[in-house]
Every structure is written in structure tokens, then in C-alpha cells.
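Residue numbers (numbering that gives the first Met the number 0), protein chains in the order written: chain A, 0 to 200; chain B, 0 to 200.
If you're looking for bench data, these hints aren't it; they were derived computationally from the structure.
Heads up, some of the hints might be wrong.
[Unchecked claim] Cross-link-like lysine to any residue pairs, in silico, SDA-like; alpha carbons within 25 Å at most:
1) B/K23 - A/G12
2) A/K58 - A/Y155
3) A/K23 - B/D65
4) A/K23 - B/D178
5) A/K23 - B/R55
6) A/K58 - B/L32
7) A/K23 - B/P18
8) B/K159 - B/P113
9) A/K23 - B/G149
10) B/K23 - A/H31
11) A/K58 - B/R37
12) A/K58 - B/R9
13) B/K58 - A/R35
14) A/K23 - B/Y56
15) A/K23 - B/E66
16) A/K58 - B/R27
17) B/K23 - A/D65
18) B/K23 - A/L30
19) A/K23 - B/G19
20) A/K23 - A/L33
21) A/K23 - B/L32
22) B/K23 - A/R27
23) B/K58 - A/V5
24) B/K23 - A/E95
25) B/K58 - A/R9
26) A/K23 - B/D115
27) B/K58 - B/Q98
28) B/K58 - A/E1
29) B/K23 - A/E86
30) A/K23 - B/G12
31) B/K58 - A/S38
32) A/K23 - B/M92
33) A/K58 - B/R35
[Unchecked claim] Under 7 Å between C-beta atoms, here's a sample of chain A residues computed to sit facing chain B:
34) P3
35) L7
36) E41
37) N48
38) N62
39) S64
40) C69
The structure displayed is predicted, hence computed values, not measured ones.
Ideal Cβ placement from N, Cα and C applies to all residues, glycine included.
2 protein chains.
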Amino acid sequence: MEIPSVYLERAVGQFSQLPGIGRKTAMRLVLHLLRRERSDIEAFAESLNELAHNVRYCKVCHNISDEDTCAICSTPSRDHATICVVESVQDVMAIESTQQYSGTYHVLGGIISPMDGIGPQDLEIQSLVERVQAGGIREVILALSPTMEGDTTSFYIYRKLEGVGVTITTLARGVAQNDQLQYTDELTLGRSIVDRRPFSV
Amino acid sequence: MEIPSVYLERAVGQFSQLPGIGRKTAMRLVLHLLRRERSDIEAFAESLNELAHNVRYCKVCHNISDEDTCAICSTPSRDHATICVVESVQDVMAIESTQQYSGTYHVLGGIISPMDGIGPQDLEIQSLVERVQAGGIREVILALSPTMEGDTTSFYIYRKLEGVGVTITTLARGVAQNDQLQYTDELTLGRSIVDRRPFSV
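With these hints in hand, go ahead and build the complete structure from the sequences.
In C-alpha cells, the structure reads:
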């Protein structure tokens, strides 16, 4: 498919480098942009430039932030003795939107995945250990995905923090709300029976 | 989902205005961008600014172009007596990639669709009529999608060009290459029998 304009070609090339966007989709997106006002396209470009220059990472928890310290870490009313360790910024947003957690976070920026060449040194694990060792922390919640990579990462962090004298917890595992029991996988269902809890209303 | 940075929020807002991209996908794309080098994001922004300022439309056929006249219209070896009328820039690229056509194009910029409030005056139909009336045109090929809107638009253009004395043709309709006959819709199959052609190898 030969593109009749180098500028169109370049923009399509940029969009098609994004995950899950092929050249045909990229072309559709760019032609959609071209139908909008020139000022709209400029605003899009400006938002990317602002992104490149202004987005920072919180120096405490490594969450995305506009300041040196993010809004969560700088709120005094939150429980600063509890750290919830998550893989990504999206996970922080997901947990925040449950409104069930009032502690702080630590964003690893990924999980240990030898297949993808990601080791502990590529993640914010050392900074977590230092943060816990600095004192004032009561509990570390390992809130990583219940996958092999997530479990590996949790175990690695657990071993690093073992001697420090903090409570280390992990997310409850069991059947998900509104799941059909007959379609729940054996591992999850088995674990939810072993870990059964007193009935309460 | 509360986004922890106004700059992130703005970029997500821009991406989620694109067709088929919701807020979660937009967030994924922007966080992917953030993991790249700052200069990569700047290059993306620059490509959009260039798009906004440099892309033009060919004054003859209204295809996207970097010049006042597009590469197709300014190539002397092409057959300038034949105009292929298409809906969009993508259709030009699709037909060009077949390498079966050596005439010129006329990009309407859409098709007549009363449901979407698009009438003949919103399209490049008047400029087509003027281009044909100016003389030197032998054939106009109506290469619009075989849908109700496409057929309506073809019929409208046909009525406009009837008196001018050019041959007006349309794309052949029939069973598509590699289609399974039993799954071909009745209309297409019926038409392909009525329009049957001498067998040739």
C-alpha cells in the first residue's frame, strides 16, 4: 500500500508503532484526524509534547505524578505505614477505584519475567527494600497478578523483606464475584475450598 | 478511574477521541509511549504537527498529496482520459495496489448518506462534473462500495453526467475470488449467473 504523502506516511508510521495498531488501523486513525480542524491536530501534538516534558514519577512510590511526590504519597490522612506493591500505574488506579484501600503504593514498573529478559534489577525492588528498611512500615501487601511471573516476583520480594520485621500479606484468592462455579478453574476452586471462611452477612 | 497526572489525562483524552479507542486502550497506548525515549514522543508530536500543516489535497482529484497536484495526476504516462471515482483516499490506495489501473482518480470524500446528513453538496461531485465538462475525458468509472449508499451516489453522479457524452462504467459484481459458493449471498450469486461471461483460460 503506497501512501501518497510523506507526512501522512510518517504519522501512520508513528501510530502503527503503538501496541495493537497495525498499518490499516493507523491509516484510519490518521485520516480521521485529518478530517478534524487543524487546531485539533495541533492540540493532540501539544498534549504529547507536554507528556514528554512534564510527566514525572513520584520519588517515593514511582507512580506517575505531576510533582516530585505524588498526590497519594503527599496526603497525610493516608496510612503511610502500609505499602501496596503493584506492577503498574494502571494497577494503582484499579485499586484506588475500589475505594477499599487507604495506604500507600509502590509501583515496580513490571514483574520478573526471564522470558522477556526482565530481572529484579530492572524493577523498583531495591527502592522498595530501602523504603521498608528506612522504618515506619508495618505492612507490605504484595498485590501482583496471580500468574507465574507475579508469584515469582512476590516470592523474590518476600525473601528480600523476610528479615526486616514487617507483616507481608498478599491479595485473597478465590472465586470471583458473579463467577459460575462450574466454569471456575480447578486451582482457584480448590484453593477457595481450602481457604474457606466463616459465613457472615 | 482517576488519572494521577493532568498531562497523562490530556493525552489519554486525545487518544480516546479516535475512532475505536476507549479510555482503557488510550491509557495503555499512552503508558506505552511513556516507556519510550522522550525524543520518540517528540517525534510523534512533530509528525502530527507536520500532518496538520503540510498535508494538502490535489486540486484536480482531491487525493491527499504533498503538492498542489498529486503524483498520479502529474504523471504524464497515466491515462488522463479515464477517471475512477472513489469514496476515499484508502480506496485510491487499494486500487493502486492491484496494479490493474493506469488512469486517474476523483476522490469524493464520502458517499451520499441522508442518515448521516451527508448530501451531494458535501462531496466533490460538482468538481467532478466540471472536470468532465472541461473535456478530454473518455470514461468515468464509478468505483463506489456496492452498498445502498454507494449505489445511490453512483446513480446521482450518473444522472449528472448523462448528457456530457462520456462512457460511464462501474465495477464488475460477482462472486469474489476464493468465495465458497454455498455461502455467497443470493443477490451476488444471482447477479453473477445473469452476468456470466465466456469461459477463458
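Hints and how they fare:
The hinted pair formed by B/K23 and A/G12 meets the criterion: a straight-line CA distance of about 22 Å does not exceed 25 Å. Distance restraint check for A/K58 and A/Y155: the Cα-Cα separation of roughly 22 Å lies within the 25 Å cut-off, and the hinted pair is therefore satisfied. Restraint check: the Cα-Cα separation between A/K23 and B/D65 comes to about 20 Å, which is no more than 25 Å; the hinted pair holds. Of the supplied pair hints, the one linking A/K23 and B/D178 holds, its CA atoms being roughly 23 Å apart against a limit of 25 Å.
Note on A/K23 and B/R55: the hinted pairing holds, with a Cα-Cα distance of about 21 Å set against a maximum of 25 Å. Between the alpha carbons of A/K58 and B/L32 the distance comes to roughly 20 Å, so the proposed pair stays at or under 25 Å and holds. About 13 Å separates the Cα atoms of A/K23 and B/P18, which keeps this hinted pair within 25 Å; it holds. A threshold of 25 Å between alpha carbons decides the hint, and for B/K159 with B/P113 the separation of about 19 Å falls inside it, so the pair holds.
Our distance criterion of 25 Å between C-alpha atoms is met by A/K23 and B/G149, whose separation comes to about 22 Å. About 20 Å separates the Cα atoms of B/K23 and A/H31, which keeps this hinted pair within 25 Å; it holds. A hinted pair counts as satisfied when its Cα atoms are at most 25 Å apart, and A/K58 with B/R37 qualifies at roughly 19 Å. A threshold of 25 Å between alpha carbons decides the hint, and for A/K58 with B/R9 the separation of about 22 Å falls inside it, so the pair holds.
At most 25 Å may separate the alpha-carbon atoms for a hinted pair to count; B/K58 and A/R35 meet this at roughly 20 Å. Distance check on the hinted pair: A/K23 and B/Y56 sit about 20 Å apart at the alpha-carbon level, within 25 Å; holds. Between A/K23 and B/E66, the direct Cα distance comes to roughly 24 Å. Compliance with the 25 Å bound is thereby established for this hinted pair. As the CA atoms of A/K58 and B/R27 are separated by approximately 22 Å, the hinted pair is consistent with the 25 Å bound.
As the CA atoms of B/K23 and A/D65 are separated by approximately 20 Å, the hinted pair is consistent with the 25 Å bound. A C-alpha spacing of about 22 Å is found between B/K23 and A/L30, which places the hinted pair at or below 25 Å, so the restraint holds. For the suggested pair A/K23 and B/G19, the alpha carbons sit about 13 Å apart, so the restraint of at most 25 Å is met. In summary, the hint linking A/K23 to A/L33 is supported, as the alpha carbons are separated by about 15 Å, within the 25 Å threshold.
With a C-alpha separation of about 20 Å, the suggested pair A/K23 and B/L32 falls inside the 25 Å cut-off, and the hint holds. For the suggested pair B/K23 and A/R27, the alpha carbons sit about 19 Å apart, so the restraint of at most 25 Å is met. Between the alpha carbons of B/K58 and A/V5 the distance comes to roughly 18 Å, so the proposed pair stays at or under 25 Å and holds. At roughly 15 Å between alpha-carbon atoms, B/K23 and A/E95 fall within 25 Å of each other, so this suggested pair holds.
For the proposed pair B/K58 and A/R9, the alpha carbon gap of about 22 Å is at most 25 Å, so the pair holds. With a CA separation close to 24 Å, the supplied pair A/K23 and B/D115 stays within the 25 Å bound. For a cut-off of 25 Å, the pair hint linking B/K58 to B/Q98 stands: about 24 Å separates their Cα positions. Distance check on the hinted pair: B/K58 and A/E1 sit about 20 Å apart at the alpha-carbon level, within 25 Å; holds.
Simply put, B/K23 and A/E86 have alpha-carbon atoms about 17 Å apart, close enough for the 25 Å limit, and the pair holds. Of the pairs offered as hints, the one joining A/K23 and B/G12 holds, with about 22 Å between alpha carbons and a cut-off of 25 Å not exceeded. The suggested pairing of B/K58 with A/S38 holds, with an alpha-carbon distance near 23 Å, which does not exceed 25 Å. A hinted pair counts as satisfied when its Cα atoms are at most 25 Å apart, and A/K23 with B/M92 qualifies at roughly 11 Å.
A C-alpha spacing of about 19 Å is found between A/K58 and B/R35, which places the hinted pair at or below 25 Å, so the restraint holds. The interface hint given for A/P3 holds, since its Cβ lies 5 Å from the closest Cβ of chain B, which is under the 7 Å cut-off. With its C-beta approaching chain B no nearer than about 6 Å, A/L7 sits inside the 7 Å limit, and its interface hint holds. Taking 7 Å as the C-beta contact cut-off toward chain B, the hint placing A/E41 at the interface holds, the least distance being around 5 Å.
Because the beta carbon of A/N48 sits about 5 Å from the nearest beta carbon in chain B, less than 7 Å, this interface hint is met. Annotation: A/N62 was flagged as interfacial toward chain B, and the flag holds, the nearest CB pair being 6 Å apart, inside 7 Å. Annotation: A/S64 was flagged as interfacial toward chain B, and the flag holds, the nearest CB pair being 6 Å apart, inside 7 Å. The interface hint given for A/C69 is met, as the beta carbon of that residue sits about 6 Å from the closest beta carbon of chain B, less than 7 Å.
Hint compliance for this structure: no hint is broken.
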